[in-house]
Amino acid sequence: MIWNALLLALREIRRNLMRSFLTILGIVIGVSAVITMVTLGNGATRAVSDQISSLGSNLLIIRPGQHLGPGRDSAGSAAFKVADADALRNQINGLAAVVPVSSKSVTLVAMSRNWSAGVTGTSRDWFSAGKWQIVSGRVFNDAEERAGAAVCVIGETVRRELFGGLDPVGRKIRVKQFSCDVIGLLASKGQSTMGNDQDDLVAMPLRTVQRRLTGSVDVATMMVSVRDDASMDLAKDQITWLMRERRHIGPGDNDDFSVMDTRQIAETLSSTTKVMTGLLGAVAAVSLLVGGIGIMNIMLVSVTERTREIGIRLAIGALEREVLLQFLIEAVALASLGGVVGIILATVASISGSALMHVPYLFNPMINLLSFGFSAAIGVIFGYVPARRAARLDPIEALRHE
Amino acid sequence: MSEPLISLTEVTRRFGTGAAAFQALRGVDLSIDEGDFVAIMGPSGSGKSSLMNILGCLDTPSGGSYRFRGLAVEGLSRDQRALLRRHALGFVFQGFNLLARTSAQENVELPLLYRGESATQRRERARAALASVGLEGWGHHSPAELSGGQQQRVAIARALVTGPSLLLADEPTGNLDTERSREIMDLLTDLNRDKGITVVMVTHEADMAEYAHRVVRLVDGRIASDVRQAERQDGGGRA
Ligand SMILES: Nc1ncnc2c1ncn2[C@@H]1O[C@H](COP(=O)(O)OP(=O)(O)OP(=O)(O)O)[C@@H](O)[C@H]1O
Ligand SMILES: [Mg+2]
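Residue numbers (my numbering), protein chains in the order written: chain A, 1 to 402; chain B, 1001 to 1239.
Do not rely on the hints blindly, as some may be mistaken.
Unchecked claim - Just a sample of chain B residues kept apart from chain A, beta carbon distances all over 10 Å, derived: (1) Ser1007; (2) Arg1069; (3) Arg1115; (4) Arg1127; (5) Gly1149; (6) Gln1229.
Said to hold, decoys possible - Only part of the chain A face toward chain B is listed, based on derived beta-carbon distances under 7 Å: (7) Asn4; (8) Leu8; (9) Ile312; (10) Ala315; (11) Gly317; (12) Ala318; (13) Ile396.
As the list claims (entries may be wrong) - Sample of chain A residues facing chain B (criterion: CB under 7 Å; computed from the structure): (14) Glu309; (15) Ile316; (16) Leu319; (17) Pro395.
Read the hints as simulated data drawn from the structure, not as lab findings. Backbone N, C-alpha and C define an ideal beta-carbon position, used for all residues, glycine too.
Work the whole structure out from these sequences, hints included.
What follows is the structure, encoded as structure tokens:
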């Protein structure tokens, strides 16, 4: 009976091909939107965590304020000073490097070309802590750091935009009102997940940036790399303890800074993208519901159109539940067809979308199954009312229907 | 004859309520034996179709009782009546009422589908039924490709494919010319005589009523006359 009803439903769908297509369009769009959103979201999450973990597991990042992530800032918490970095370096054992970082976005000019990029003021340990390779030239030395010399190391994107195919080492870049010697070129790291280009940067000695660009002695963040033979947890505790002391935080008060390892940062960033994924998925799910209403609408039309057919079936001896099942199966077949088409569409969209966004394509069987199940369920829910209407028809009335 | 196949006592059928109520049947007593061939006649609006619907278990009486093989139909649920139709009754309607865009073969298979018969069994029996109404080889045609007479023969094939004990036909020749009508009547006569199927038929035409063994005349929802007539001697068959 079910098999026959299924064949019947498929024939009915084929008979009104155009109408069936338009009917399932809502479900197709809903399913493909949900799956694409979730798949791309998961890819982005994965890419973020991959990228941060690639920095290594022995890196700690210290920032003023308690939170990290878009929309949360460190307002109200005092900035660090160079002295904080010195204190960490001198008073805590087991640290390989303490790297203060301060940055500023500026317009660069060279060879009569303009380019906007972020300038990172830091110490030369920053290159090793961030796993940067030098392709040409060198990084700044101790003397340049102490003097705040006008020297810089640039990323691949900055080179391309300002110098074209030329070797930038030995040339000059105008940064605001001062001119800066390019002493090194960084190896390309490529695109990052959040869409930003990691090679679009200029690194200078911290003091240079403080004096000539930010005009303050503040340090925005500090990166600490812990020696391989030292304990991360111990280093974290000691840093927290020392910073609390230096920032005069009372015993009962909360930290006004945070010390995070790369795993924690990855988790924090991932949780943000996860929330986004969830939200987008929820919006897409609403379109699935709308698709269900479309199915209900067309099934009601179909029941009215086929009143005579239903009358004949009932007169011949079809039971109420058999007619109900027939129309229910038709609705479910329509909705599931929409689900299948949606899944195919979503796969295409996700693969090309993740290529475009430079995130990995992660096939998620769960969300595909779930979406398919959901669309079938929508067929049941929204097909029930029309199917029940068909089953409850009075055979005499139905036979007389024109 | 022991128990009649059909026995109606004091059957009434009222449509609507209050002032708009209309009494279509006003106390019908009728009993039909197995193997009979009954024609129901009467002016328009006299309640013929209402009576047929009740006989066919598509409708239930407002009052009185209807026993089919001793079974009180008014006490049955909707689904129980559907099962009774499925297993014991065959219908032929005035408007043919075949499924459009569905082949003759599939139309005839439909009742077997609901009886849960296998695909091969369905195909065989439907083919045999079509052959018995003279439509051998027409199975793949859809109703739109068939003449009125052929459509009505498909409808008859569909009604008898399950081997019903009672065949109900409400104006089976109403839409057909005389020649086609005679073919249909010959077919019903054959079924009645050769297969012993009880036939109850509504007709407006005295010519067609002649084929029956018994003519019941309805006027204003009551039986006005009930006459048993001699069996036709001329051309009982199609020959
Ligand atoms: N569902 C209904 N609701 C209200 N009145 C109805 C209904 N069905 C039938 N009637 C009324 O009952 C009366 C008998 O109808 P019925 O169809 O039985 O007549 P009939 O003898 O078959 O007539 P005809 O020869 O025209 O087919 C008619 O007056 C009709 O208006
Ligand atoms: Mg009538």
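Okay, the hints, checked on the actual structure:
no.	hint	result
1	Ser1007	22 Å, holds
2	Arg1069	16 Å, holds
3	Arg1115	8 Å, violated
4	Arg1127	18 Å, holds
5	Gly1149	20 Å, holds
6	Gln1229	30 Å, holds
7	Asn4	6 Å, holds
8	Leu8	9 Å, violated
9	Ile312	5 Å, holds
10	Ala315	6 Å, holds
11	Gly317	3 Å, holds
12	Ala318	5 Å, holds
13	Ile396	5 Å, holds
14	Glu309	6 Å, holds
15	Ile316	5 Å, holds
16	Leu319	5 Å, holds
17	Pro395	5 Å, holds
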